[in-house]
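Number of protein chains: 6
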Amino acid sequence: MLPPFVVLDPILENWLREDIGRGDRSTNGLFPDHNAPIGNAKWIAKADGVIAGLPLAARVFYLLDPSVKFTAIARDGQTVKTGELIAEISGSLATLLMGERVALNLVMRLSGISSTTATYVKAIANSPARLVDTRKTIPGMRILEKYATFIGGAINHRYGLDDAVMLKDNHIAAAGGITEAVNRVRANIPFTTLIEVETETVAQVQEAASLNVNVIMLDNMPMEMMRQAIALIRAHSPSTKIEASGNITIDTIAAVAELGMDYISTSAMVTRSYWLDISMRISNAFQ
Amino acid sequence: MLPPFVVLDPILENWLREDIGRGDRSTNGLFPDHNAPIGNAKWIAKADGVIAGLPLAARVFYLLDPSVKFTAIARDGQTVKTGELIAEISGSLATLLMGERVALNLVMRLSGISSTTATYVKAIANSPARLVDTRKTIPGMRILEKYATFIGGAINHRYGLDDAVMLKDNHIAAAGGITEAVNRVRANIPFTTLIEVETETVAQVQEAASLNVNVIMLDNMPMEMMRQAIALIRAHSPSTKIEASGNITIDTIAAVAELGMDYISTSAMVTRSYWLDISMRISNAFQ
Amino acid sequence: MLPPFVVLDPILENWLREDIGRGDRSTNGLFPDHNAPIGNAKWIAKADGVIAGLPLAARVFYLLDPSVKFTAIARDGQTVKTGELIAEISGSLATLLMGERVALNLVMRLSGISSTTATYVKAIANSPARLVDTRKTIPGMRILEKYATFIGGAINHRYGLDDAVMLKDNHIAAAGGITEAVNRVRANIPFTTLIEVETETVAQVQEAASLNVNVIMLDNMPMEMMRQAIALIRAHSPSTKIEASGNITIDTIAAVAELGMDYISTSAMVTRSYWLDISMRISNAFQ
Amino acid sequence: MLPPFVVLDPILENWLREDIGRGDRSTNGLFPDHNAPIGNAKWIAKADGVIAGLPLAARVFYLLDPSVKFTAIARDGQTVKTGELIAEISGSLATLLMGERVALNLVMRLSGISSTTATYVKAIANSPARLVDTRKTIPGMRILEKYATFIGGAINHRYGLDDAVMLKDNHIAAAGGITEAVNRVRANIPFTTLIEVETETVAQVQEAASLNVNVIMLDNMPMEMMRQAIALIRAHSPSTKIEASGNITIDTIAAVAELGMDYISTSAMVTRSYWLDISMRISNAFQ
Amino acid sequence: MLPPFVVLDPILENWLREDIGRGDRSTNGLFPDHNAPIGNAKWIAKADGVIAGLPLAARVFYLLDPSVKFTAIARDGQTVKTGELIAEISGSLATLLMGERVALNLVMRLSGISSTTATYVKAIANSPARLVDTRKTIPGMRILEKYATFIGGAINHRYGLDDAVMLKDNHIAAAGGITEAVNRVRANIPFTTLIEVETETVAQVQEAASLNVNVIMLDNMPMEMMRQAIALIRAHSPSTKIEASGNITIDTIAAVAELGMDYISTSAMVTRSYWLDISMRISNAFQ
Amino acid sequence: MLPPFVVLDPILENWLREDIGRGDRSTNGLFPDHNAPIGNAKWIAKADGVIAGLPLAARVFYLLDPSVKFTAIARDGQTVKTGELIAEISGSLATLLMGERVALNLVMRLSGISSTTATYVKAIANSPARLVDTRKTIPGMRILEKYATFIGGAINHRYGLDDAVMLKDNHIAAAGGITEAVNRVRANIPFTTLIEVETETVAQVQEAASLNVNVIMLDNMPMEMMRQAIALIRAHSPSTKIEASGNITIDTIAAVAELGMDYISTSAMVTRSYWLDISMRISNAFQ
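Chains as they are written, first to last, in my numbering: chain H, 421 to 707; chain R, 421 to 707; chain A, 421 to 707; chain Y, 421 to 707; chain P, 421 to 707; chain G, 421 to 707.
So here's chain H without its partners, still in its complex pose (with noise of 0.2 Å):
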């Protein structure tokens, strides 16, 4: 789900050049002719986890030098364990020792998001409900950490605000009430962007339900209140899916699940986790 290079690029080089800077003044100042020697280098995983990010790793070498040959041994969505070789990078030393950091960084934190997705899936993996992310990502992270919780196994939600209509409390104070904001929105936007509703009453799922809308979130929801809001909903409005967003975590996520729930929203994957520990052996061809 990772978009072409054309688009994916310019951000991948802007990384590059936050971290060289004016120059790499260790290399550089051991090779000032760029005449270093070829090494070869292993990525070896120091935790378990599910791999994400590989594919750019490979093009940020690619960027800085396209003779550089980044071999991916595992692939994106791979469970690996402690010691295992997940790539294999052969090029100039100088290349291997620029790239190194952005490549890593990278591939670190989208690996520990996917990880962490991982775990919150596997605990929902028997009930129909699907976890998705949120819009808390890191600035200028947007599409590689949504990109990290679809390799561990979440499903999207919108990718920024002309991705979906989203009405919270304050849009609908600022029209005076659901159905008021819903009919106004709808006469707007485009008629390919879908509409979802947060609620916290039952009385506000019955309105928005009322609405045929496609999406209704029930907010901080106590588990009480969900049941009868899905009754509700399925009874009046088949086609609207539901979500459940606020406090969960990987103790409650099944229970909510249980409940006939269509969608579980958490930015924990994102908010509340590590970096997986990858670690660059390089072994130089004069050694």
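In short, the hints are calculated from the structure, not lab data.
Treat each hint with caution, since some may be false.
One copy or any two copies: either way a pair holds, since identical chains are not told apart in the list.
[Unchecked claim] In silico BS3-like cross-links for lysine-lysine, where the CA-CA straight-line distance does not exceed 27 Å:
#	residue 1	residue 2
1	Lys462	Lys501
2	Lys661	Lys466
3	Lys462	Lys556
4	Lys661	Lys542
5	Lys588	Lys661
We have chain H already, so just place chains R, A, Y, P and G on it with the hints.
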């Protein structure tokens, strides 16, 4: 320690564009004539921590709409408690809703980093050792994540490959030894560029100390070896700074500091921290 | 429905740079010390039509010189007659002359689109069908040309390849059938992404209707086949929207609408419309 | 007359990004592992006209995926008939579908311009007068729309405000007369910049002719006045070129040309032309 | 003759970013809370010369901090003496120190060019010949270095490859002769583009004169050959301008001018000029 | 010491766009179908000097047209004599002519700097002192002009405001003294950032030496004061480096070096150097 806005604005603007895409379907759908009512918003801490990033949040709203008024109640570096008021914002409701996510994502992420940093800093507060960060940062966030570790009480390590020389095992092997590597680099780099050498054995420490390099890093050494290394460096190269690195945790950091280290580096603040939860509550003028 | 200026400004600035190049030889040649007199300008309609783009024209002058005052007399969406005053501008004569062409080109082009749109909209005003646009737009003008069709009374179709799924004959063939294509796509896309299926036969309509997709497009079908298709969809998939497409003209559109269509799409507003003629008349303070 | 790709690529890449956004949901949804089959596509003219833009279409596909093969069958400037094969493309089906719209939009628009241009050029083919374009172009498309008028047989007028001096009534009034305006400008502009003066009366023509300017434009003059103006200029300033402008239509252009005009300018090719219809038909390797 | 800031700002901003990098360690280190005191600065000439670039310096400080006040005391084109006050600046001491180098580098370089230009202009002040510049300029500085030669009293030659046709020996050889080259080019270029032909022999001059080209360049000719060439051109092509080029020095330029040349071009102002020394002296409010 | 092309390409591409503008009217006018013949070009030194920038020239042609072959005959840092062959280029004549000026301007400027640098370096070759450059560089050329001074034999000073702390009189005054300034800065900057203090009196030198700063600059001091300062620093702060600055000329530099200076800085290589003259001679395949 933030650079001026002429440096930051292009980054912040890109982040707004990432989230807004082709337009905010929700607020534009409700207010197609850009006549949204004025609203007031409060940012409230939903967890205890150290705040970082408020001047950036203010700028995000300013870039979206210069008529929005963002008033920081807390200041960067301040410890806040759950429920505390962090900032107040007033302006067009459409702008508040459009800028909310980018501004909050930024401050929640940076505050998560500075909060974790503060716990590490506290652990070594009784020693002269200073906590330092690394180049393990989210691509595109280098300057701001390092700002967050600084706000949390750490001191920054180099910002990029051009900011200092760091000679690692591969550089050293490629050059044929520490002495050769240091001499070769010294001939080519700006004279204002500091040289740090990574060492793993006492013999390497000894060689590095004899070269009067600016910093010697003790990489993943056992406690006893570090003790020896410090003694050796203090004796033979008193102006050289000493940095411990590798597998530093909140449990082990104090003991390492007490060895008499100058700097202890870890990426934990960035790679193993959660976002600090903050919520934005809007009250509209019309309510 | 225009996105905020943080999104639009880079585009508008590039357009000014395109026209100005290395400097306006005429006004700079006359006023090398940037001391041109103040002038007042009027924009006058030279044909009847629906105006679109005035807020953009105002911004073009603002970006060139914040001291210029642009006062829209008409508002976007208003029908104007030949000779009517559309806007008044006052400021440095050099700025008026430098910004004139970019601002007018934009408004004349967009108003041409909205004027043509209005004639199509009027033709189906008595039916519940809504006119929708397409992705046939001038490269670089997507957002603004879609703004113009909206201003003319149409509703927008998707803005880009990421805005909705549209499964065409080639997608379907590649997947091995409509059912396979829809199922495969559903597993991978954001759950907020609507799915539209293009159909050319009644059998295809039947298959698509059984999959409960969001929109079925009837592509280039004869009237009778469209009648059959609508009946079939309404019976088996009542929440699915129906779009007619292909060879819609101002002469045939009403008949298609009367079949009970939800949406009728055409690119005619963009590909077969003339610019609305508008002239700018300047009166200088010194005259 | 196209500039090199180092100039064009950033524009073409932005156009791809405009359409693709965060990714092609349809093809990425079908082929999330980027393993789409190879397809072959044909571009077929659906109307008669003059083709323009094929090298740009080839580049659009190349920028998306260098392994796509685009073979132009027609060449820019060639007249094609309905049903004629224009180009063949082969490559990943996903790339063909992703690049189709941008490439076609470009060629259909440019070919529409060159086709309309050709009808105007034909109308004055028996006179020495040359058709020229104007600065009325879609913002962002100046270079390419002028390329299209050139391909259609016109000759280009200035590309921007820096490309030649054009003294209009407002410039002249601001300077206090034609003589003053011309002299003031001449002192300041690059000596390689040609000066054109717009005239509306015979007296103005006379004054301009006495100044030996490079071009005199006869703006919106009646036929008899143009005849007089030409005689006057030929007599007193033989090296000055003469341009007719204003309300030129396909019906009146021949008569104007026969007066002995050097250039006749109109924006009709850009502001009053339809797109040339072209369709892309894909046959997959697997069919 | 400076283009508007919409053209210049991106260039000036990049220059500030080049110098500031990730932040000004000195002023940020001293004033991490951005609370530097207000300071006043004076720019003093440390050599005699012609000032150029003050509006750009003012803009540099403005882009860094709109609250800084830059007051030009001299104006561009004015001759200043050692010790003279050129400008006064007041604002945050941090901003003054951060913007100083970029602003001064720009004005010192441009003033160096305009000062050298003035000496060449003075040398031919008694002849009708005008000094013109060339395309030998520092990459990225074309517009501003040509501004500086204009300020110094020269008139600009073409700004780029699109600004005029210049047919050199290689163009002519490739086309098969001057006549063929001129005719071929004339058929393809905008009619507003002037044609200049480079000549090295009297025969070439004769051929060029017969084609009524706009400018004939006499390249590296001996004095006597130039005299002949001028006579020949004046006789056969009176509206053609004549430019001398090649090995013009401050010692030879007057003699060349007296031959009756229209233009004499040299790159000396750019390639053989020193910076004009200017110092910035700050007095802080707190002193 | 050049950074990788991912850093340099955007700069080089902008320079090509600056010169080419909307297209090369001369070569495009001659070869509108891009069918120019193949040509061969030689770069010949027209003066003695030290060459710098050939890898950049090669890249300029490559970015314009990857099929061009640029063969450096000299290498950067080599001393060439008038008439010597520097490089050979073969490829489309149109590309050779289009890229010539940008590539030559760059190499002529940089070689001018490295040639001047070499004369200063030679003057102090018998002392241990090293020549260093400054931040007085043409805006936009910082990296490359510092590359040229390095190629000429100098060693680089800081590249920007983030590359080292330099405390000047104004910083010191604002902080209330050298000790206060150094201490305040030390608390805030990355620990890898070196601190340099500018001194004008012996008392200041003494204070700076007591703080163990990395570098002390002796600014515009008389010889005898420098001698005293050096003795004082060597005695009290042996690891501190000493830099002389201010009014260094080719006549005085040797005497300063002999005092036992570590570094001597001057901007003369950049601000008081001429371009090295190089010509490009083309021989076409068809001749």
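Quick rundown of the hints versus the structure:
1. In this assembly of identical chains, Lys462 and Lys501 lie within 27 Å of each other by CA distance solely inside one copy; the values are 15 Å within and 45 Å between copies.
2. Taking the shortest Cα distances, Lys661 and Lys466 never come within 27 Å of each other, neither inside one copy (40 Å) nor across copies (30 Å).
3. In the homo-oligomer, the alpha carbons of Lys462 and Lys556 lie at most 27 Å apart only across protomers (18 Å), although the nearest pairing inside one protomer, at 33 Å, exceeds that limit.
4. In this homomeric assembly, Lys661 and Lys542 come within 27 Å of each other (Cα to Cα) only inside a single copy, at 22 Å, whereas the closest approach across copies is 35 Å.
5. Taking identical chains as interchangeable, the C-alpha atoms of Lys588 and Lys661 lie at most 27 Å apart whether they share a chain (17 Å) or sit on different chains (26 Å).
Of the numbered hints given earlier, the model fails hint 2 alone.
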